[in-house]
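Using the supplied hints, reconstruct the complex from the two chains, each of which is provided in its own coordinate frame.
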Amino acid sequence: MEPIRTLRSRTVVLPAANIDTDQIIPARFLRTTTRAGLGEHLFADWRYDANGAPRGDFILNGAAARDCRILVAGRNFGCGSSREHAPWALLDYGFRAVISTQIADIFRSNALKNGLLPVVVEAATATWLIEHPGAEVVIDLPSSTLTLPGGGAPVLFPLETFARYCLVNGIDELGFLIEREAQIAAFERRRARA
Amino acid sequence: MQLAPRTMLEKIWDEHEVIPESRDTPAVLYIDLHLIHEVTSPQAFTVLGARGLAVRRPDLTLATLDHSTPTQSAQIFGGAPIALESAAQQIRELERNCARFGVELLGLRSDQRGIVHVIGPELGATQPGKTIVCGDSHTSTHGALGALAFGIGSTEVGHVLATQSLLQRKPKSLAINVEHRLAPGVSAKDLILWIISRVGVAGGTGHVIEYRGAGVRALDMEERMTVCNMSIEAGARAGMIAPDETTYAYLSGRPRVPQGGAWERSLEIWRALPSDAGARFDREVEIDAAAVEPMITYGTNPGMVIPINGTIPERANDAAFDQALAYMGFEAGTKLKDKAVNVVFLGSCTNGRLSDLRAAAAVLRGRKIAPGVRMLVVPGSQAVKKAAEKEGLNAVFTDAGAEWRESGCSMCLGMNGDLVARGEYSLSTSNRNFEGRQGVGARTLLASPLTAAASALTGRVTDPREILRH
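Note that the protein sequences, when read in sequence, are chains A and B. For the first sequence, position 152 matches number 168 in the numbering used here, and the numbering has no gaps at all. For the second sequence, position 191 matches number 236 in the numbering used here, and the numbering has no gaps at all.
Isolated chain B, as found in the complex (with noise of 0.2 Å):
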């Protein structure tokens, strides 16, 4: 009998039902990996500990410190005391936690310590076809190596941590078919932000987004986890985007990818993932990849966003329009370009990878960030720093002035006390550019690693085409 034609995502929903759902109960869905952190996860712990309750399989789950964890290296490695007590009781909480339920942690001081969304798929844990959920909204990440991610709660958390499955409903399915490729100067987080302004920050709610097309099988792995990063800024709890030739080249020799024989059976497995030709999904948008240009935000939502070169668009009656504008001391109708930037931010499980420390170096190389600006270089994982530091782009990012620090979320919400000052103009690389989110009163831009460091140099917000160019 031949099957009807199925999206990545039935398939792999389908390989997960336990139970699958009927009209009065959601399916009992299966989680093949559970990633937790020291923010969302201790309520979830302690619901455990009062039941009597093990953690099902502490083989399938993965912990690590990123959120309210410092970046200074003294208080990570020289002894000194973490600056923040309520961050250091969150870690310590964790810590014990795991020790006492047997889940695997990448503590403070491991190598392989890092933005929980950045060590998945750097070791290999992330894989094609896996179910993947994590107390965290950007878990979406994952999907980019074709798994299906999403973020819980920590009600779910605990949900997993006792059962290794969740209730669920299947949700509805949104292709983003992207042709043509990116223009030089243009990265993947402009065709993300671009994405959103066309879809909506709320345009995904209910859906999975799948990313297709020629312009999506152009960007390699890194590129490909920033776009699946930001589904959750289009209201899509999952992106995914189907296993090919790079994602396997990426995953090959990872330390927990299948070795050997497993390998060939895995990539077997993983080839028959992507959706069926004829398969139908609920929605469909079209994207024209070489129209994109490099982006950045002007207000307090990712889809108030705007080409570098574009004008902060006007709308009547729009209270909340308004609202944001004042909030951020911009005017309708005014350019962005050039305005004063107080504080640059590169780093988070959007643009903290290798490949981002890589652009930002090479237009930083040789020269100076803008006196009066402060840079913050974040590397999203203690392997990304280590292999930064190898290439010496440590060493561009001092000698330009910036800050370089150990890994973690930092500055992209401002936990662990890295803050952005009341009032001042921050270009983040981060996903968020809500009110508040980088400080009390702090002032988000959001655009890609180019833009920030272009950015730097002048102390305005640049165009990074222009210092491409010379």
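Only chain A is shown next, with the shape it has when bound in the complex (with noise of 0.2 Å):
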């Protein structure tokens, strides 16, 4: 995984609720083996006409959309079946964060382990993101910090430690957890005596 400390770009906003994982790689997608060129299918049923033309009113179809790295949605985002080719797919798309009220949580985790920003903010920065479709903003991880336009003070966001310290540092779990082989073999000799 790179390493991640700032991300500065424009927003895409997709204001409604509870966007589920099924809205954001259709499961017909799902029949593949790998994890690559699933950003053709992001949306798709937003993004595409019934003939599989784009639709003109779809906002990833608009030329403002093009080289946004931050999506921004409603509350809920991501929730709904554990696909990890929901983050594969907005990934592959371009994306590298996601900004909402609420993240469901499997979302948020399958996000963090291929260096997908799960953002979280209070009511009223999102919805000034909501109502300004691609402000430039800033996210730094080291501090957790999201900048919005026009000089205002940063706004803290939640990210635990450990996951903070992964994206900057570019590691990836399964590293750590095969680290500790010694642990895990301690504690399964452990419970067999039990």
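Bear in mind the hints are in silico, worked out from the structure with no lab data behind them. It should be emphasised that the depicted structure is a prediction, and the values quoted were computed from it without experimental measurement. For glycine and all other residues, C-beta sits at the position ideal for the given N, C-alpha and C. Fair warning: there could be bad hints in the mix.
Below, simulated SDA-like cross-link-like pairs (lysine to any residue); rule was C-alpha separation at most 25 Å, straight line [unchecked claim]: (1) B/LYS382 with B/ASN354; (2) B/LYS215 with A/PHE192; (3) B/LYS56 with A/ALA208; (4) B/LYS215 with A/GLY191.
Coverage of chain B stretches by chain A, computed from C-beta distances (three or more under 8 Å per stretch; other residues unrestricted) [claimed, not checked]: (5) 56-70; (6) 83-93; (7) 128-135; (8) 241-252; (9) 362-369; (10) 478-484.
A short list of chain B residues far from chain A (calculated; beta carbon distances all over 10 Å) [unchecked claim]: (11) GLY123; (12) ARG262; (13) VAL302; (14) ALA307; (15) GLY504.
Structure (structure tokens):
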């Protein structure tokens, strides 16, 4: 995983609450054995019409969405299925962060493991972001802050120490777990005796 | 020294901490049972292969085929090719990975194959006190037997394959106290939909739910599984119910439970699992089961749900609500009852067990489904299928005009080609009514097997109590 320290980008806004992972990547695109190329199908049923042509009225098809790295979404983003194909699709499309007032547990966990930043903010910040699509914001990981344009004070967002450490240093958790092999083996021996 | 009272979650958690959590690092949590299937495992095996890692505990890993697997007998047993080549590739990939890494696979023609959350309890692999994970959010089902069971992503599937452990923060606890009993014609599915309507689709985020109280104790094992199954639809990664005599009677004699003296020792350990008197939960919610009615969803998430005779609510200035109703083709302030239904789906890890099929068959016996309605009955496992056939339930369904299939996830998520057409209404016993869940443009109404069967007979959304009265 590439280390991430800061992210500066304009935002794309999908204001709906409860955007589930079936919307992010419909199940028919899960019949794959790799993680590559899922960005093409991101939000497929909102993005394309019945004939597969891009819908002009969907935000991700607009010129303004190109090169945006940050998605702002309504409350409870990523609910539903545990499919990691959801963060894979968002990353493959080009997103590096999702901002919402609430992000579903499994999606959040999957996002962190792939370097997609889940940024949870208070309602006031979210409302401002939803009302100002395309705003250029800065996410700073070492300080866990989000800075909105206009010179206001950076907003703190919750990010647990370990996740931040892994993201900033590009460390993957599997390596961390493998290094705990001796403790895992000791735990197994202890339980076998009990 | 007297220990502080602990919740069941805390007891199971403490028992599985390889390394406790600290301010800076999550706990290393040991996993007792890892269930895998064809859709969320291939990328994890690829990582193992690329890094030269083995599956650490193949003996604690169990694989099956359910998500993209066909339900037509000819494609399973009849030598016909699997219609979807991409599904066939996933199936072959899991077969290859299991052979290469030494993982037991209940494969395409195994009589123990089925939906991963149906076969775990059925085989007795799911047991009280275990930590159980699977790359599927409905892993919460297994909590019905007093396990801590939750869904994980494919990266975490790789972690468990390689180390039998996960890095986890201890979740918060949410007690849902259910008093009184469900009324006749009202089922566990209605209860969990009712609970979701109270807690909200994000209300359980960050929490593990423990369902408690007389209303839960009165449920049989399969009903408890239905309740725990949809914990994720309330935002909770896991739901659990303390084991009791109902649990032990269910497990007794199943093939993978401890046998002989080991069974007695296990019982002793399991009896100590329920939350201690005075244990503190982070949150508590009170539910009166006697007030629950048959429930049905009208929108595009499981929280958009009303009693079957109720009215779709009105909400001002809520664009997402308006969009959901537009997608469904419904109007606020109207009733769902008597709306036309095109497809009825009976199955899934929520309602694909033998008791679900029996409930639906009791309504359908000797009757015909309405002309023009397509009803698909998909048993949750091959064992459920066999047991249902032994009782003649398959004949009840086919005589009524329904299709009888091999087991799998099928139309719950339409990955295997069992789809609802654009614009059609599907009355489904599954767990998600998301846009497009059962097919592009498909409109899903979630309800119980009783409501599904009653509505299949009339071709309209029907209160099962009206049919049961006759």
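Cross-check of the supplied hints:
no.: 1; hint: B/LYS382 with B/ASN354; in the structure: 6 Å, holds
no.: 2; hint: B/LYS215 with A/PHE192; in the structure: 18 Å, holds
no.: 3; hint: B/LYS56 with A/ALA208; in the structure: 18 Å, holds
no.: 4; hint: B/LYS215 with A/GLY191; in the structure: 21 Å, holds
no.: 5; hint: 56-70; in the structure: holds (count 5)
no.: 6; hint: 83-93; in the structure: holds (count 6)
no.: 7; hint: 128-135; in the structure: holds (count 5)
no.: 8; hint: 241-252; in the structure: holds (count 4)
no.: 9; hint: 362-369; in the structure: holds (count 3)
no.: 10; hint: 478-484; in the structure: holds (count 4)
no.: 11; hint: GLY123; in the structure: 22 Å, holds
no.: 12; hint: ARG262; in the structure: 28 Å, holds
no.: 13; hint: VAL302; in the structure: 18 Å, holds
no.: 14; hint: ALA307; in the structure: 13 Å, holds
no.: 15; hint: GLY504; in the structure: 26 Å, holds
Hint check: no violations occur; every hint is consistent with the structure.
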